[in-house]
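Chemist: Next come the chains, spelled out residue by residue.
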Amino acid sequence: MRAPTEAPKKTAGSASLALRRSALLVLLIAAWWAASLFSPPYVLPSPVRVMQRLVTLAESGDLFYNLFTTLWRVLAGFAVAVAIGVPGGILLGSNRTLGAFFEPVLPVMNTVSSAIWAIFAIIWFGLSPLTPIFVVLMTALPLIITNVWQGTQAVNADFVELAQTLRFSRLKTLVKIYVPSILPYFFSGARLAFGFGWRVSLVAETLGASSGVGYRLRQASDLIQTDQVFAWTIAQIAMMVVIEMGLLAPLERHLFRWRRDVRT
Amino acid sequence: MRAPTEAPKKTAGSASLALRRSALLVLLIAAWWAASLFSPPYVLPSPVRVMQRLVTLAESGDLFYNLFTTLWRVLAGFAVAVAIGVPGGILLGSNRTLGAFFEPVLPVMNTVSSAIWAIFAIIWFGLSPLTPIFVVLMTALPLIITNVWQGTQAVNADFVELAQTLRFSRLKTLVKIYVPSILPYFFSGARLAFGFGWRVSLVAETLGASSGVGYRLRQASDLIQTDQVFAWTIAQIAMMVVIEMGLLAPLERHLFRWRRDVRT
Amino acid sequence: QEKIKVGYWTSGFSVGFGAVLEAGKFLEAQGLQPEYIKFSDVNGPTKALMTNSIDVAFGAPATGAFTLGGEGAPLEVVLVTQIAEATFVTKDGSPVTSLADLKGKKVGMSPAGSAMYAITTALLEKNQGLKRTDFTAVPGNEGRLLQFLSQGDIDVAALRAVTLASVSDIKLKPLGNVVDEWKAMTKTSAPPILGVAIVHKTFARQSPQAVVKYVKAVMEATKFGSKETDKASAILRSSANLDAKDATAYARLWDQFYVASLEPADIATLKTMAEVFRAAGTIERPVPDTLFVPTYYEQAKK
Amino acid sequence: MTQTAPHAPPSDPRQALAFRHVSKHFLRGDGSSLEVLRDVGFDVPAGSVVSILGPSGSGKSTLLNMAAGLLLPDDGRVLVLGHETSGTVDWSRLGYMFQDDRLLPWRTAVDNVGLALETGSMGKRERRERAQAQLAVVGLGEFGSSYPHQLSGGMRSRVALARSLVTEPDILLMDEPFSRLDAQTRTTMHTELLRIHRERGMSIVFVTHDVEEAVILADRIVMFSPRPGRVHTELSVDLAHPRLGTPEALTLVAELRAAIAGMSADWVI
Amino acid sequence: MTQTAPHAPPSDPRQALAFRHVSKHFLRGDGSSLEVLRDVGFDVPAGSVVSILGPSGSGKSTLLNMAAGLLLPDDGRVLVLGHETSGTVDWSRLGYMFQDDRLLPWRTAVDNVGLALETGSMGKRERRERAQAQLAVVGLGEFGSSYPHQLSGGMRSRVALARSLVTEPDILLMDEPFSRLDAQTRTTMHTELLRIHRERGMSIVFVTHDVEEAVILADRIVMFSPRPGRVHTELSVDLAHPRLGTPEALTLVAELRAAIAGMSADWVI
Ligand SMILES: Nc1ncnc2c1ncn2[C@@H]1O[C@H](COP(=O)(O)OP(=O)(O)OP(=O)(O)O)[C@@H](O)[C@H]1O
Ligand SMILES: Nc1ncnc2c1ncn2[C@@H]1O[C@H](COP(=O)(O)OP(=O)(O)OP(=O)(O)O)[C@@H](O)[C@H]1O
Ligand SMILES: [Mg+2]
Ligand SMILES: [Mg+2]
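Residue numbers (the working numbering), protein chains in the order written: chain H, 276 to 539; chain L, 276 to 539; chain B, 363 to 664; chain E, -13 to 255; chain W, -13 to 255.
If you are wondering where the hints come from, they were derived from the structure by calculation, not from laboratory data. Computed from a prediction, not measured in an experiment: that's the story for all the values here. C-beta: ideal position from N, C-alpha, C; glycine also. One should not assume that every hint holds.
As the list claims (entries may be wrong) - Residues of chain L clear of chain B, computed beta-carbon distances all greater than 10 Å:
#1 Ser291
#2 Leu342
#3 Ala432
#4 Tyr490
What the hints assert, rightly or not - Facing chain H, from chain E, some residues (calculated, C-beta under 10 Å):
#5 Trp77
#6 Gly81
#7 Arg88
#8 Thr105
#9 His135
#10 Leu159
Between the sequences and the hints, there should be enough to build the whole structure, so can you do that?
Modeler: Quick look at the structure:
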C-alpha cells in the first residue's frame, strides 16, 4: 500500500539535504586545504589561516561594522530601485507607446558601467553617503526593470480581460493581475539586483568612501594581503547565503505555494 | 465604419516614434552642452569636444579595433554562459533534488565580485585571452541561470503532463515545452548578461590585456582625459543600442508573435 | 638573444617610462628579446610575477613588494624606479596657508593602505604633529581629488606634479611637498620611494646576466628621458596616448619622479619605509633584508 | 450594410442589450480576413433570459465579448441599457462568465470568487463571507481553500459561475456555463439560476449547445447559422416553469432538434 | 481494501485497460484528506468503446490520469495491456485527450497537432501533412495557421481531439471530448470517431456527461456514484450502429436518464 502521493515527505528530505550540503561544504574546504598545501600563502592561503584572520576581524569589530555599513548602502539603493523599477517596468510593459519609446534606453543603462555612474554620483552628490547608494541604484534598476518589463509582457491577456469585465481600475488591475503574474520575474530580478548591487557597492566604496567591505577589500588587495581578501570574501558569501536561505527562499516558497508541482 | 481592430497601424506609429526619439536625443545633447558650459572640461567636456575626439579615434582605427576586441571577448564569454546556463538552469529548476541542493550556490556566485574572478582567472589561465572571457562568463552565468531557473519553475505543469503522455524523452520535453516557456525569462537574462558582461569585460581588461575598450577607458580615466572617457562611453552605448534595436528587439518580436495583445 | 617577459602598469606613474623604454628599444639594445605585458591595474605586474607569469616588472608599488617579501615570496627588488612625490595644494583663497593648518580639515590623498597614504600620514605626524584622527583623510584618485577640490568637498589634496601641470583653470596654492618633508623627517637626501623593479627568483637564478642587462636598460631609459626631453615627449604622444600638452609637461617633470638606482642610501630608505609602514599597519610582517638585491645594479653601473 | 444615423438617440432602455446590424471580421493565422458576424441584430429585453444556440465558431463568444465591451463591432451598434458600448456605459451592472474559467491560479477558490467584489469598497471579511456563501450555492462549500489546479473541470466552471453571480449583476452574460457539468449537477444549477433570476430579475444572455437547456431556461432562443454568424431563427418560449420533463418542453426540444438537423444542409463546420 | 499478491502475473492482455480495487486520496486546499476513488474496478476489453458517466468531482479525470500513468493509485492496480502502470508499460500505444485542451499557445493549430508526432523519427514535412489532414478531419482545415487564442472554444477542443487521434493510438483516453461542441458538430465528430474505430479497432475510454452520446458510441457504460467515486452500474450496449435516433437507443437513453434521476437521492454535489 502506498502513502497518498501528495503527503509531504519534508522532514526526511530536508535532513538528508542538510547532510548532503554539509558534505559538499566539507569537501570544498578539504579541496581548498589540499590545494593550499601546494601554493604559497600569498597565492592561496590555507583555510586555517583565513579562519584566524576572520576571527581577528570579528574580534576587532571591523567585520560586522563594515559588513553592515555596506549592507545598509546596498539595501537603500536596492529599495529605491524596487520602488522605481517595479512600477516603471509594469508601465513600460503594459503601455505599448511608452514601451516602444524607452526600448533603447534600457540597453544604454545596462551598458554604462558602474564606474561611470560613480563619477556622475560624485559630481552630483559629492562626498555624501548618497554616492554609493546611487551607484547601487543605477546597477539594480536595469536588472529589475528588464525583468519586470519582460514579465509584464508575458501576463496572460485573458486575465487582463477578466479584470476589465470586473471594471477594475488600472491600478487595481496592476495590483491584482500584473503584480502576481510578474512575481517570479521580479524575484529573479531582485535576487540579481541584490547580488550585483552588492558587487558594485564594493566598487563604489573604493571611491570616496572610507569604510565598507569594498574599501577594506581594495585595501587588502592593493597590499596583496591574500588572506584578508579571502576572509572578506567568505564573510560576504556567508551573509548572502544567510539572506538567501533565511529570507528569500522561504518567502518564495510561501508566495508560490499555489503552484502545481511538476513531477519529473 | 471602423477598420478591423486587428489591422496593423505600424507605419504611422513607427515614424512618429522615430521622431519622438530623435527629439529626446537632441534634448539630451542640448542639456549636456548647456551643462558643459558651466563645468571645467575635465569634469564635463562639451559634446563638440567629445565628437572631435570620437572622430580622431575612429580615423586612427583605434575605435573599431578596440570595440571589436572587447565585443569578441564578451560574445565568447556570453556564448559559454548561455551554453552552460540554459541547460543548467533548466536542470536545477526541473529537478527538485538538484535545485534544493544548489539553491545556496547561486547567491554565492552572484556575490563574488568580478574582480575576484579576475584574480582566479589570472591564477588559472595566466595572461591568456581566456582571462577576460572567463570573467565575462562568471558574471553572465548567474544572470542566465537565475532567470532560467525561475522560468523553469513557472512552466505550466499541465504542459509537462502533456509531454509525458506523448512519451517525450526528457530532452524532448526540455526542448519542446521548457525552452519555449522560459524564453521570456531567458531574454531578460540574456539581455542583462550581455550588458553586464560588457561592463565586467571592461574591468577584466584592466588585467593582463593591452587592448579593448576597458583598457583604453581606464587609461584615459587615470590620465584624467575626460573627453576620451566620454568618447569611449558614447561609442559603447551606440553599439549596444544598435545590437538591441537591430538584433534583440526584432528577434523578440518574431519569437513572441504568438502572444495575444493586451489592450489597455 | 635572451627572452624576457616584462610587465608594467600602463597608467599613472609608470606609463611614461614604459612607453619610452618600449619605443626606445632599450632592452633590445642590451641584447634582450622582450615581450611586454601591460596591466592597467597598479598591482597587476606584481600579481603576475607572483604566479610566475612574467619575469620582471618595473614601477611595481613598494608596498606590495614588501608584503610579498614578508611572506617569503621568491621575489627580488633590483632597482628603485619611482619616487613618491606629491604636493599638498589648496584652492587659492583658502584659509589654509600651511600644513600646520590641516587640523580638522578634509585632506584628499591616496586610499588608506597605499604607500602614499602611509608616507603622507607619517610625515604629517612626525613633522607637523598631526595625528591620524586630527584630520579627515578622503581617498580617491587624482582626477577625483581635483574634482573634490574644485567642488569644495575637500580642503587640501596631495597631488602629483603631472596632475598639477595639467590643471589650468583652477588656481591652486602649494602648501608643501612630500619629498622635501620626507628628507626633513629622515634627515637624509634620499627621496621616498613609490615604485621598484622586481624580478622573479627563478628567472634571476636561470639568467642573472639577463637581469643585469634589464637593470642596465632601465637605467639607460631613465637617463634618456631626463636628457632628451623633446624626444621623450614625442614618444609619450605617439605611444602613451597623451596630449601634446600633457606629454610635454610629463617629459619636463621626468626627473621629479623617475630614478634608477639601488645605492645603499636607497636600501636604507626602503628599510625606513618598511618600518614606517609596519608601524602604520600597512604591512604586517618584517621585510627581510634579502629582498633587496643590489648586485645586479652594481654590475650594471660598471 | 446599413448606415446608422450620426446622432442616433439612445435606444429603448427597456432593452437590457441590443445588437443592431453587427458585423465583425478577424484576421486568421495566415493573415487572411475571416468574416465572423454578418449583420446580426436582436434584443434582450430587461429581465428576460435569452439563449443563443449556434455551431462552433459562429461568433457567439465574439458577440458576448462585444456586449461586455471587450471588442467593438466593425460595423453596426451594440447597446447596453440603451448606450452604445463605445460610449459611456454603466458597466458595473454587468457580469460575464467566460467560456474558459479564467480562474487566477494563485488564488484559492474563495478568493477567486471574492475577486469580483474587489472593485468596490466592501471590507475583506464581508467579501470572504459572500464569496463563501456563493460557493456553497454552487455546491463547493467545502472547497473554498482549494487552488484551481486542485479542482475538477466541473468544479472550476462552478467557481467561475459563482464569481459571475456574486456581484449580483443586472445583466449576466454566460458563455456555455454548464457544458462541463453532469446532468444532475446541471439540473441543480438550472434550478438555482432560475431561483436567483426570480429573486433578482436580472437579464441573462447565455450561450449553450444543449437545446434542452435552452428550452428549460430561456424566454427567447436565438439560433445562429454557421460562420459568418447570422440570426437564423428567433423564437419565444412561453412555457411555465419548471419545464424539465413536461410534455410541452419535450415537444419543443424535439422540434428544435429537428430544425437544427434540417439546417444541416447549410451547416458548415 | 484488498491485498494484491506480491508477484501477481500480468493479467489478461485481452483487456486493454483494467482497474482493480483502485483507491485514491488527495489533500484538499485546507490540508484535509479527500477520498476521491474507492475500490473502483472494471475492464476495458481490447477494441471496445467504454464510456464513463458520473457526477462532477467523482474522480473520472483522476482515473484517466492513472490510466495514462500520470498518477499512481494509493491502493489497487491499474493495468495497461496487462502490465501495471507502475512497471514497464508500452506507453507509446496510448493517446490521451485531456479535459482541458492544453494547446501550446506558442504553436499554431497545425503545429499543436504535429507535436504528438514529434516523439518518433517522422520527417518534418510528413508530420505537417498528417497534422493538416487530421485537422481537416475535425473540420478545421482552414485554421492550421491560427494560434490557439485565435480559435473559438469548440475549435480548440477539436484541435486537441486531432492531436490525440493523429498518432493512431491503440488505446484512446478521452475526457469529455465533445462537451464544447454544438449538436451538429458533435454528431459529425461521433460519425468520424466511429469510422476511425471501425478502421483501426482501437480501444476507447471516454468520459462524458451526455447520456445520449454514451449510448450512441459505447459498447459498455460505467456509471460512477458521487465522490468518493465507485462503480454504481455497469451495462453493455448491444445495439447495431448507427444508433442515432433509433427507437432502441432512445429507449435506453430514457432508461439511463431515469436511473440517474433515481440515483439522485445519494447524489451529493
Ligand atoms: N482574437 C481572434 N483573432 C482571430 N480570430 C478570432 C479571434 N477570436 C475569435 N476568432 C475567430 O472567430 C470565429 C468565432 O469565434 P467565437 O469564439 O466567437 O466562436 P463561438 O461561436 O463562440 O464558437 P464555440 O462554440 O466553438 O465557442 C472563430 O472562427 C475564431 O477562429
Ligand atoms: N491535484 C489535486 N489535488 C487535490 N485534489 C484534487 C487534485 N486533482 C483532483 N482533485 C480532487 O479530486 C476530485 C475528483 O477530481 P476529478 O478531476 O477526477 O473529477 P471529475 O470526475 O473528472 O469531475 P469533472 O466531471 O468535474 O471533471 C475533486 O474533488 C478534486 O477536487
Ligand atoms: Mg465560444
Ligand atoms: Mg474531469
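Chemist: Taking the hints in turn, state whether each one holds.
Modeler: Results for each hint:
The claim that L:Ser291 lies off the interface holds: its Cβ sits roughly 41 Å from the closest Cβ of chain B, which is beyond the 10 Å cut-off. Chain B leaves L:Leu342 outside its interface by the beta-carbon criterion, the shortest separation being 16 Å against a cut-off of 10 Å. The claim that L:Ala432 is not at the interface with chain B holds, since no C-beta of that chain comes within 10 Å of its own (minimum 50 Å). The claim that L:Tyr490 is not at the interface with chain B is violated, since a C-beta of that chain comes within 10 Å of its own (minimum 6 Å).
Of the supplied interface hints, the one on E:Trp77 holds, with its beta-carbon coming within about 5 Å of a beta-carbon of chain H, less than 10 Å. Hint on E:Gly81 holds. Least Cβ distance to chain H is approximately 8 Å, under the 10 Å limit. Here the hint on E:Arg88 is kept, as its CB sits about 5 Å from the closest CB of chain H, short of 10 Å. Because the beta carbon of E:Thr105 sits about 5 Å from the nearest beta carbon in chain H, less than 10 Å, this interface hint is met.
Checking E:His135 against chain H: minimum C-beta separation of about 4 Å stays under 10 Å; hint holds. A cut of 10 Å between beta carbons decides the hint on E:Leu159: the least distance to chain H is about 9 Å, and the hint holds.
When each numbered hint is compared with the structure, a violation occurs for hint 4 only.
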